[in-house]
Amino acid sequence: MSAEVVLAARNVAKSYGQVHALKGVNFDIHRGQVTTLFGENGAGKSTLMKILSGVIQPTAGQIVLDGQPVAFANANDARDRGISIIHQELSLAPNLSVRDNIFMGREIMGTLGVDYAEEDRQTRALMEELEEQIDPSTLVENLRLGQQQIVEIARALSVDSRILIMDEPTSALSASEVEVLFKVIRDLTARGVSIVYISHHLEEALTITDHAVVLRDGVMTAYAPRADIDLEWIVRNMVGENYDLGSPPDSTIGAVALSIRDLSVPDATGQDLVRGLNLDVRAGEIVCIYGLMGAGRTELLETVAGRLRATGGQIVLEGHEISHLSIGDRIARGLALVPEDRQRDGLVQTMSVGQNLSLASIARFTRGLFTSTRAERELVDDSIRRVTVKTSGGAAPIGSLSGGNQQKVVIGKMLATRPRAILLDEPSRGIDIGAKAEVFRLLAEGAKNGLAVVYSTSEVSECLSIAHRIIVMHKGRITAEFDSTVSKDRIMAASGESVAA
Amino acid sequence: MSATTTTAPAKGRQFHLGRLLLEGRAFFALIAIIAVFSFLSPNYFTLSNLLIMSSQVAIFGILSIGMLLVILNGGIDLSVGSILALSGVVAGAMMQGVELDALGVILYPPVWAVVVLTLCVGAAVGAVNGVLVAIFKVPPFVATLGVMYVARGIALLMTNGLTYNNLRGSEALGNTGFNWLGFYRIGGVPISVIVLAVVAIAAGLMLGRSAFGRWLYASGGNERAAELSGVPVKRVKITVYMVSGALAAAAGLVLASQLTSAGPTAGNAYELTAIAAVVIGGAALTGGRGNVRGTMLGAFVIGFLSAGLVIIGVSSYWQTVFTGAVIVLAVLMNSLQYGSGTRKT
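Protein chains in written order, with this note's numbering: chain Y, 1 to 501; chain V, 1 to 345.
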């Protein structure tokens with residue numbers, strides 16, 4: 001396990017004015033091995049990675065490359081020395097082909113302009129190396145997300161990267177795509193490429209990593225090789241206390257609040273993404289929907305909320321059929337959705353924290369023609385307190401919050417509408433453990449007060465936390481239903497995930 | 001007028017000269033323009049000249065407020081200049097009398113009815129824009145470009161390319177008073193300026209204090225998120241284009257009244273001036289950011305600048321160059337302000 005250190009940070013610190021994002025961190029990257037960086041949002045992971053890849057410069061400390069102290073002028077400088085970073089949001093142009101994306105910005109020039117044939121050949125060679133059957137002239141928008149990730153990796157390899165930094169590469173991948181990615185990572189490390197890996201998905205990261213580094217509040221709290229650690233060790237060092245996502249609250253289960261009957265939802269080509277699905281959720285009950293990507297979870301929840309149109313079936317909220325109502329009317333009746341992608345569907349980035357929190361319940365502080373500033377402030381302050389958003393106040397820009405707090409704002413916005421039933425699509429996506437636990441605590445609290453809760457997830461351990469009932473979806477249907485005492489294996493088997501295993 | 005601030009300063013409240021200058025740039029630009037021209041010409045900073053300039057600004061100002069609403073929604077309305085011309089012509093036609101063949105009579109509607117009907121025509125053309133954009137998903141640029149041509153064409157067809165010159169009406173027919181809008185003053189203030197002030201205050205209240213205003217900012221900032229929060233995004237969209245059309249009609253009435261004539265070629269390229277005023281006022285063309293106060297300052301910057309250049313005798317060709325430079329400078333500052341805002345996070 002004592003491979004040579006290729007890149008190291010020595011006592012690196014970074015401050016933005018009064019804010020110390022990193023406080024003297026030491027960090028080693030070993031040749032041909034995977035080093036995983038664990039930490040909550042705001043712990044300084046991204047800052048450290050940006051420093052190592054030359055995007056920003058440290059305020060103090062040293063970066064040592066192959067034993068020599070270096071200073072990167074910018075990201076291109078770092079890339080020329082063999083360090084590439086793959087950001088969480090892919091930076092591919094979807095309208096261009098795979099080949100054009102790989103050589104974007106450094107096209108191979110022949111006598112008559114760009115030498116496409118040579119680019120094509122090199123792209124083919126790269127794809128072969130990565131064992132991925134992608135034609136170089138395929139448009140990136142036609143690729144699955146996992147394949148796009150591969151293209152991004154191919155681009156990094158095409159500049160002979162020796163060190164590859166991956167920021168949450170699996171957050172949007174399905175289980176089978178993660179497998180492919182991990183195989184690629186193993187191949188890369190076998191060839192001597194060093195990988196730095198950041199992920200919120202702890203179990204997943206543990207299967208691939210050689211070294212673990214934990215950051216907390218800009219300080220490295222722990223460091224250990226894979227052999228010496230387990231999940232609990234990471235969590236303990238990340239949050240500094242016992243980690244528990246909770247257990248099903250002992251709420252009084254009441255009458256059926258939300259009833260989905262024989263619901264079918266088609267995709268653009270007319271194929272059913274959800275087929276004849278039936279589900280009853282009672283007041284005070286928490287139901288978890290587990291399924292892989294493409295199982296139809298998002299379509300199901302968005303149809304119930306009114307964003308997509310169903311071809312058949314009924315949606316009944318507290319005895320009233322609501323499938324003909326608009327989204328706004330459904331919210332007014334007490335049905336709220338927290339969408340999967342909070343940046344795209346959850347937040348208005350141009351508005352403040354307060355305006356985002358009050359957006360769905362404007363009617364509650366409108367008197368006649370005008371809104372009441374005081375009533376709105378009360379509602380906002382109340383929401384901030386209730387969902388424990390860490391912010392300087394309602395007037396702060398929404399972009400100043402961390403991912404977890406932004407998610408709490410989206411949830412707070414929907415809770416402010418005083419719903420009877422709330423749907424949450426992957427509420428834990430891309431947020432750290434601390435925030436996850438708080439989100440689940442909020443849901444459990446809501447259920448105790450008679451709220452019907454439905455949430456979807458692709459992490460089995462999250463199903464086994466606060467849910468009274470676990471529904472497994474596969475290809476648009478419910479394939480299994482369990483109570484909270486079920487084991488992980490049975491859930492995964494029902495989702496079609498571990499069929500091969 | 002309360003205008004919503006959509007970009008609350010992230011840092012503390014400490015005095016910061018650069019930031020202050022950047023955020024109040026339209027205001028400081030206006031002060032600078034007034035100061036420079038007052039220095040260059042003794043006639044510039046007189047009450048009568050300020051009022052004359054303001055009544056000229058009024059037409060662009062009214063258009064700009066409609067444009068602001070559309071731009072806040074993330075769209076653009078290229079048809080306002082044509083709607084302005086069309087409404088002028090429609091009003092002119094009604095003043096000349098509406099012939100009802102079936103009944104064999106010629107109807108002379110009173111002026112108030114002409115005004116109301118003309119505003120309705122503007123709103124109806126705006127509704128076409130809105131429906132094209134919101135329901136049929138035509139990109140706003142293309143939809144309003146098409147309507148711009150159609151409206152202009154209809155205006156030309158209605159008059160055969162000619163201009164209605166006599167809009168005074170006659171006592172006998174009971175339709176006098178059309179020139180009231182363009183010529184009369186209340187307490188020395190031209191009616192057009194009062195119309196602008198009323199429109200601006202109403203729009204400011206709507207944006208800052210009404211639920212509709214909040215819906216508009218939200219759907220302009222992120223339409224998908226707004227929709228999932230229960231905002232009727234389609235209704236908001238159609239409404240803003242209708243309001244923009246109605247305001248263009250109002251501007252057309254004011255212009256026709258000031259000129260006591262209505263021609264189908266009026267208001268050519270006015271939409272660009274209106275867009276410029278909105279941009280100088282700090283609104284983002286991507287939607288969700290901007291306010292009435294800024295847009296008004298923008299309209300006055302453009303109006304006072306070109307009037308000042310006329311007064312000191314600069315060639316009208318140079319005026320075009322100056323106006324262009326001011327617009328580019330404004331957009332530059334916008335990207336400076338919003339660019340630094342996002343980098344901080």
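If you're looking for bench data, these hints aren't it; they were derived computationally from the structure. For glycine and all other residues, C-beta sits at the position ideal for the given N, C-alpha and C. Among the hints, a few may not be true.
Label pairs and their computed distance ranges (CB to CB) [stated by the list, open to error]:
1. Y/His324 with V/Ala269: 43 to 51 Å
2. Y/Gly294 with V/Ala127: 57 to 65 Å
3. Y/Ser487 with V/Ala127: 40 to 48 Å
4. Y/Ser137 with V/Leu22: 43 to 51 Å
Below are the DSBU-like pairs computed for lysine-lysine, each with C-alpha atoms no more than 35 Å apart in a straight line [claimed, not checked]:
5. Y/Lys390 with V/Lys234
6. V/Lys234 with Y/Lys475
7. Y/Lys475 with V/Lys137
8. Y/Lys448 with Y/Lys390
9. Y/Lys50 with Y/Lys183
10. V/Lys137 with V/Lys234
11. Y/Lys488 with Y/Lys475
12. Y/Lys448 with Y/Lys475
13. Y/Lys488 with Y/Lys183
Outcome of the hint check:
1. Look at Y/His324 against V/Ala269: about 46 Å separates their beta carbons, and that is inside 43 to 51 Å.
2. Between Y/Gly294 and V/Ala127 the Cβ separation comes to about 41 Å, which falls outside the hinted range of 57 to 65 Å.
3. In this structure the hint that Y/Ser487 and V/Ala127 lie 40 to 48 Å apart at CB is violated, the actual value being about 60 Å.
4. Y/Ser137 and V/Leu22 have their C-beta atoms about 47 Å apart, which keeps the hinted 43 to 51 Å range intact.
5. Annotation: proposed proximity of Y/Lys390 to V/Lys234 holds, straight-line Cα distance about 34 Å (limit 35 Å).
6. Proposed proximity of V/Lys234 and Y/Lys475 is supported: the alpha carbons are some 32 Å apart, at most 35 Å.
7. Proposed proximity of Y/Lys475 and V/Lys137 is supported: the alpha carbons are some 31 Å apart, at most 35 Å.
8. At roughly 24 Å between alpha-carbon atoms, Y/Lys448 and Y/Lys390 fall within 35 Å of each other, so this suggested pair holds.
9. Taking the CA atoms of Y/Lys50 and Y/Lys183, the gap is about 26 Å. The hint holds against a cut of 35 Å.
10. Pair hint V/Lys137 plus V/Lys234 holds up; C-alpha atoms about 10 Å apart against a cutoff of 35 Å.
11. This hinted pair checks out: Y/Lys488 and Y/Lys475 have alpha carbons roughly 20 Å apart, not beyond 35 Å.
12. Between Y/Lys448 and Y/Lys475 the CA atoms are separated by roughly 32 Å; this keeps the pair inside 35 Å, and the hint holds.
13. Distance check on the hinted pair: Y/Lys488 and Y/Lys183 sit about 24 Å apart at the alpha-carbon level, within 35 Å; holds.
Checked against the numbered hints above, the structure violates hints 2 and 3; every other hint is satisfied.
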